[in-house]
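Engineer: Turn these sequences into a full structure, and let the hints guide you.
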Amino acid sequence: MTNDLSILDCRFFFLFELNTHQQEKDALPLPNLPRNSLLEHGILVDEDKLLIGSGNKIQAHEKSADFLVESWKKIVGLHEPAYTAALLGVAMVIADDSLEYHTIPMTLIDDAGKSSPITFKRSPHKRERELFTVQTEGMSEPTRFEQFVACTDNESGDYRYRYSLVFRENQVFLQPISGTNLLAQEATKTPIFSVYGIEHPELEESHKAGKTWPKDLQQLLMGKKDSKESAITTPIVSRLILRQWQFTRIDCVASQLRSQLPDNVRYRQLSQQDLVCKSDGELEKDLEGIIDKQTVQVKHLQARLHKAIRTLEINRNNLNKKLEKIQQDLKKQNWQFTLEFTGKQVLAEIFQRDIRTLENHQHYLTAELLDLEALHQRWHLQLEGRRLAHGNRMETLAHILILLVALGEMGNITKPHSNTVASNAHEVVKSCEGLLVGWLDKLNNLCFIQDVTALLHSLFVYLAVILVFIVGWLLFPGRKWVKKKWNCWRNKRRNRQSIQSNDG
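In this text, residue positions in the sequence shown follow our numbering: the first is 61, and each later residue adds one.
To be clear, the hints were calculated from the coordinates, so they are not data collected in a lab. For glycine and all other residues, C-beta sits at the position ideal for the given N, C-alpha and C. None of the hints are false.
Derived DEER-like restraints, expressed as beta-carbon distance ranges:
hint: 1; residue 1: Thr212; residue 2: Leu441; range: 43 to 53 Å
hint: 2; residue 1: Leu527; residue 2: Met454; range: 12 to 22 Å
hint: 3; residue 1: Val136; residue 2: Gln422; range: 32 to 42 Å
hint: 4; residue 1: His423; residue 2: Ser175; range: 35 to 45 Å
hint: 5; residue 1: Ile530; residue 2: Ala449; range: 14 to 24 Å
hint: 6; residue 1: Lys271; residue 2: Thr398; range: 17 to 27 Å
Structural biologist: Quick look at the structure:
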């Protein structure tokens, strides 16, 4: 709405993130311009956001997209092309004596390139669409600030829509926001688009009748020309854009992840027998590629949800403080600023509704995280049990090898020994060595010892002993392996029969 009195008017509000813009690799530094004019260089919001307005007279709303492109080109030309990376969202505000038949057509293009129409229009539910009203003495009906809903061919009107605004050359369109990409990166290149309306009945008739409130109303809603005082719609629209951008992105990410988590039901419902039948490679692949990956994603998203909820709470509190100040200032000027309808403040309820939705995501993901951690522990214990059993078998094999080496050494010890000793040895050593050799020779002369010695000296007997130990070592795990394969085959067969019976 402009300062020249008119029934039909329109304005676009562009909200930019200054810090993100400066961090972009291809972005240029922000120009050092005064931030006190909404229509020229914009005004600062929270010291790190920039709100720039653009006013246009629109005679046909079918051409609103063309006016949006023109407004965007003016901003880019006046400032810098790098603003594309910092754009958070655009709000379109329509003002007229009636909003009943106003519709804003846009084009929705999906990831496959298929286009379909989407229309923004007034909601049929009055309690949901009115955000605030302004009224003064002499006005038979209050001026209403309302939010529009988005309608597609397949969906009815909804205030929550997951679409991103895209400027491409000389056209502008909407595209669905993909939660998959947002889950992997903190991208800001998903600007939102929303439409609001200001309905001021009897404006033209009252102006022609010489009443002063129509001009005062326009200055109140959109600000005075060459004035540093912001209009009452400026902080409200900026907070609504920021709220929708923050909520839509994180809600898309959470919804996308929640849609993927039920795919793990088949892992959670695995019986112990099915788990035993999985190979070590399958267990490690499931553990690392699915369970651990989604556990990290859930923890990362929980942190982002906590941050988003806290941001929405801060924006809600800041908006409430600003609304209280606006209400007090307007009361001094004999204007009635109404925020509550049927005992409910719609503006605050919008933020609270988004917070409840994100908290619901958070509670759901907390429960899913507990399931994933239990699933991780179950898979991990199965793997560790197999590794421990494998280690025990290797330890048994080492003991067998040590025993076989000891048997071989016994054969060498029991060989006949000579009584001759080194001539240069000490007398005590000679006598001790002589006694030991003599004792071994007497032991070797015994009948049963000679038989044992003969057996130990036989290569075939030694190989037979090795074979007996090795077969004994392989027999027990081999029996368990055959039993496992047999049970797994029977279990798979039973599952196939169960699936066939259910299909039948």
